[in-house]
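**Student:** Sequence:
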Amino acid sequence: MTRAGTAKGRQPNGASSIYLGKDGRWHGRVTVGVKDDGTPDRRHVSRKTRAEVTKTVRELERQRDKGAVRKAGQSWTIETWLAHWVENIAAPNVSENTIDGYRVAVHHHLVPGLGAHRLEKLEPEHLERFYKKMQETGSAAGTAHQVHRTLRAALNEAVRRGHAIRNPATIAKAPRLEEDEVEPYSVEEVPGKHRNAARWVIALALGLRQGEVLGMQWTDVDFELGVIRVRRGRLRPRYEHGCGNRCGRKPGFCPQKINVRRETKSVKSRAGQRPIGVPDELMALLRRHKEEQGRERALARDLWAEKGYVFTSPVGEPLNPNTDFHRWKDLLKAAGVRDGRLHDARHTAATVLLILGISDAVVDSIMGWEPGKSARMRRRYQHMTGPVLQQTAAKIGALLWAAPVGVAVEAGSGTALSPGSVLVDSTVYLADLGGRRLAFASREHAERVVTQWGDDRPGQAAQVEEMEREQWEDEAGDGIQFIRHKIPDRRMVHHAHAVFLAGGERLNVGSPAQWSTWAWEFEPDLYTDLPVRWHTSRRPGQEVEAQVRGTDKDAVSSAYVEACAQAVDRARNPGTYGDGQR
Numbered sequence: 088m089t090r091a092g093t094a095k096g097r098q099p100n101g102a103s104s105i106y107l108g109k110d111g112r113w114h115g116r117v118t119v120g121v122k123d124d125g126t127p128d129r130r131h132v133s134r135k136t137r138a139e140v141t142k143t144v145r146e147l148e149r150q151r152d153k154g155a156v157r158k159a160g161q162s163w164t165i166e167t168w169l170a171h172w173v174e175n176i177a178a179p180n181v182s183e184n185t186i187d188g189y190r191v192a193v194h195h196h197l198v199p200g201l202g203a204h205r206l207e208k209l210e211p212e213h214l215e216r217f218y219k220k221m222q223e224t225g226s227a228a229g230t231a232h233q234v235h236r237t238l239r240a241a242l243n244e245a246v247r248r249g250h251a252i253r254n255p256a257t258i259a260k261a262p263r264l265e266e267d268e269v270e271p272y273s274v275e276e277v278p279g280k281h282r283n284a285a286r287w288v289i290a291l292a293l294g295l296r297q298g299e300v301l302g303m304q305w306t307d308v309d310f311e312l313g314v315i316r317v318r319r320g321r322l323r324p325r326y327e328h329g330c331g332n333r334c335g336r337k338p339g340f341c342p343q344k345i346n347v348r349r350e351t352k353s354v355k356s357r358a359g360q361r362p363i364g365v366p367d368e369l370m371a372l373l374r375r376h377k378e379e380q381g382r383e384r385a386l387a388r389d390l391w392a393e394k395g396y397v398f399t400s401p402v403g404e405p406l407n408p409n410t411d412f413h414r415w416k417d418l419l420k421a422a423g424v425r426d427g428r429l430h431d432a433r434h435t436a437a438t439v440l441l442i443l444g445i446s447d448a449v450v451d452s453i454m455g456w457e458p459g460k461s462a463r464m465r466r467r468y469q470h471m472t473g474p475v476l477q478q479t480a481a482k483i484g485a486l487l488w489a490a491p492v493g494v495a496v497e498a499g500s501g502t503a504l505s506p507g508s509v510l511v512d513s514t515v516y517l518a519d520l521g522g523r524r525l526a527f528a529s530r531e532h533a534e535r536v537v538t539q540w541g542d543d544r545p546g547q548a549a550q551v552e553e554m555e556r557e558q559w560e561d562e563a564g565d566g567i568q569f570i571r572h573k574i575p576d577r578r579m580v581h582h583a584h585a586v587f588l589a590g591g592e593r594l595n596v597g598s599p600a601q602w603s604t605w606a607w608e609f610e611p612d613l614y615t616d617l618p619v620r621w622h623t624s625r626r627p628g629q630e631v632e633a634q635v636r637g638t639d640k641d642a643v644s645s646a647y648v649e650a651c652a653q654a655v656d657r658a659r660n661p662g663t664y665g666d667g668q669r
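Sequential numbering of the sequence shown, starting at 88, is according to our numbering.
Keep in mind that the hints were calculated from the coordinates and are not lab data.
No experiment lies behind these values; they were computed from the predicted model shown.
Some hints here could point you the wrong way.
Okay, the calculated beta carbon distance ranges per label pair [unchecked claim]:
#1 Arg248 with Glu378: 56 to 62 Å
#2 Ser529 with Arg263: 20 to 26 Å
#3 Glu649 with Ser162: 44 to 50 Å
#4 His622 with Ile252: 23 to 29 Å
#5 Glu223 with Arg316: 46 to 52 Å
#6 Gly225 with Glu311: 50 to 56 Å
#7 His413 with Thr224: 26 to 32 Å
#8 Arg535 with Arg137: 48 to 54 Å
The beta carbon of each residue, even a glycine, is placed where N, CA and C say it ideally should be.
Modelling step: build the complete structure from the supplied sequences, incorporating the hints.
**Tutor:** Quick look at the structure:
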């Protein structure tokens with residue numbers, strides 16, 4: 088059978104073909120990529136008329152050129168993709184604590200609720216009904232929101248690899264998350280708690296994270312200089328059965344349980360690895376704590392596991408984070424103060440530093456906050472010297488130990504806070520724009536971009552989401568995107584486009600030859616800040632495409648004529664042009 092356009096010879100490899108089959112129907116074949124085995128991925132379509140099959144072939148070519156054709160190969164379900172993603176893609180690239188959260192979301196919620204759906208058939212409405220059912224059956228809004236974030240990360244990877252065309256989790260409405268306002272413990276409440284143990288004084292006075300305190304070793308404490316160096320964080324244990332699963336209990340309650348996870352991990356960010364000046368009173372408390380630990384070691388004798396940790400079990404093992412949490416709750420109850428999260432102690436430390444008027448650079452260093460761009464530049468040239476750390480420690484000690492309740496504390500040489508000054512914390516604000524997420528340091532910037540995006544594209548969902556910087560880094564992995572400190576550039580860009588067949592005849596593709604759209608600098612396929620730019624290129628087969636875009640509408644119209652003329656000449660004279668760009 089003679090194929091369309093092949094009277095003078097065979098089609099080049101990879102070119103689309105249209106032909107009349109023996110069955111009386113018109114058929115088309117389009118190469119959309121390469122299969123996993125290295126052979127061409129060639130798709131087949133069939134229609135009653137040549138016009139219908141031509142239209143279908145051209146649409147498939149456009150989807151191929153945009154990267155919107157689903158990759159051939161394994162047909163994934165949500166269950167099989169999530170199982171592959173969590174163990175083979177996410178696990179090697181995120182922290183142990185993060186992967187624990189992913190596994191819970193996948194195996195306890197997503198697979199039972201959505202696992203039977205085919206990956207490419209999953210719709211936003213499926214997700215919204217699933218989130219609603221989760222909350223109706225007792226799951227907290229925070230749990231549903233965490234499940235949503237996990238699914239979104241997994242589906243983003245599926246889209247990136249060509250297993251799905253779009254990510255429905257970026258379109259579905261995320262579960263509404265009501266965030267409780269954090270109320271730090273007041274200075275008046277601190278004396279009722281911090282006298283009990285050095286562990287809680289460190290939390291309330293220095294603001295160390297739970298993992299940082301439990302991962303601290305005596306080699307990190309410099310009694311001579313009065314400094315603690317934060318170097319590592321304690322990981323939550325992950326247990327497996329040591330009995331061969333014969334006990335019938337969960338792994339964590341197995342009498343012969345085995346911890347298969349390392350005890351600590353190094354603090355990964357430069358901001359997290361930091362020295363902290365310690366008040367003399369706290370240093371004295373640490374000395375007494377070390378002496379008490381020595382007595383426990385003597386009593387435990389051969390049972391003691393010498394690992395060098397500051398805070399341990401009665402036999403020298405590092406404290407389990409769950410045990411530590413319950414001790415915090417017991418401490419609050421015994422002290423007769425209001426209940427609160429363990430992390431609220433960290434907010435108390437930040438409040439104390441604000442009361443003292445400590446400078447932003449010093450606060451960033453003590454709290455281990457990743458600073459904004461200006462703060463990063465400031466820290467690049469301002470070193471945290473010993474005297475600065477010691478002065479800050481003295482101020483904290485004066486406030487918590489020496490100053491009577493209700494007596495104002497002199498800020499001394501600390502820089503007073505201006506009315507509008509705020510701490511640079513570790514939160515980033517994500518502008519979720521359909522299939523694209525941009526991280527901003529400022530909520531205002533993220534909201535302005537989302538609002539403008541929604542005005543430009545009324546049919547596309549957009550929203551702002553808060554996320555801890557550490558989680559954002561874990562989700563982004565090695566391909567981490569930078570955090571923006573200004574609103575990206577947005578311009579009205581004018582476009583012109585035409586396709587010509589081998590003889591120079593213009594192909595009617597059914598779309599306008601010229602159009603205009605708002606484009607952002609993060610949209611490289613649409614954006615330009617030049618008055619005009621154009622190029623011609625040979626598509627697979629004998630067709631030649633002319634593309635023009637720019638910010639000057641008249642210049643685009645003029646260049647369109649020139650681009651079309653070159654495209655016609657190129658179509659008629661194959662081999663005389665390169666794919667250069669003007």
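**Student:** Does the hinted range 44 to 50 Å hold for Glu649 and Ser162 at CB?
**Tutor:** For Ser162 against Glu649, whose Cβ atoms are near 47 Å apart, the range 44 to 50 Å holds.
**Student:** Holds or violated: 23 to 29 Å for the Cβ distance of His622 and Ile252?
**Tutor:** Between His622 and Ile252, where Cβ atoms are some 27 Å apart, the hint holds.
**Student:** Between Arg535 and Arg137, does the beta-carbon spacing fit 48 to 54 Å?
**Tutor:** holds (50 Å)
**Student:** Taking the CB of Glu223 and the CB of Arg316, does the distance hold inside 46 to 52 Å?
**Tutor:** holds (49 Å)
**Student:** In this structure, is the beta-carbon distance linking Ser529 and Arg263 contained in 20 to 26 Å?
**Tutor:** With Cβ atoms ~23 Å apart, the hint holds.
**Student:** So does His413 sit 26 to 32 Å from Thr224, Cβ to Cβ?
**Tutor:** holds (27 Å)
**Student:** For Gly225 and Glu311, compare the CB-CB distance with the range 50 to 56 Å and indicate the outcome.
**Tutor:** For Gly225 and Glu311 the Cβ distance comes to about 54 Å; the hint holds.
**Student:** A range of 56 to 62 Å was offered for this pair. Does it hold for the Cβ distance of Arg248 and Glu378?
**Tutor:** holds (57 Å)
The structure fails none of the hints (numbered hints given earlier).
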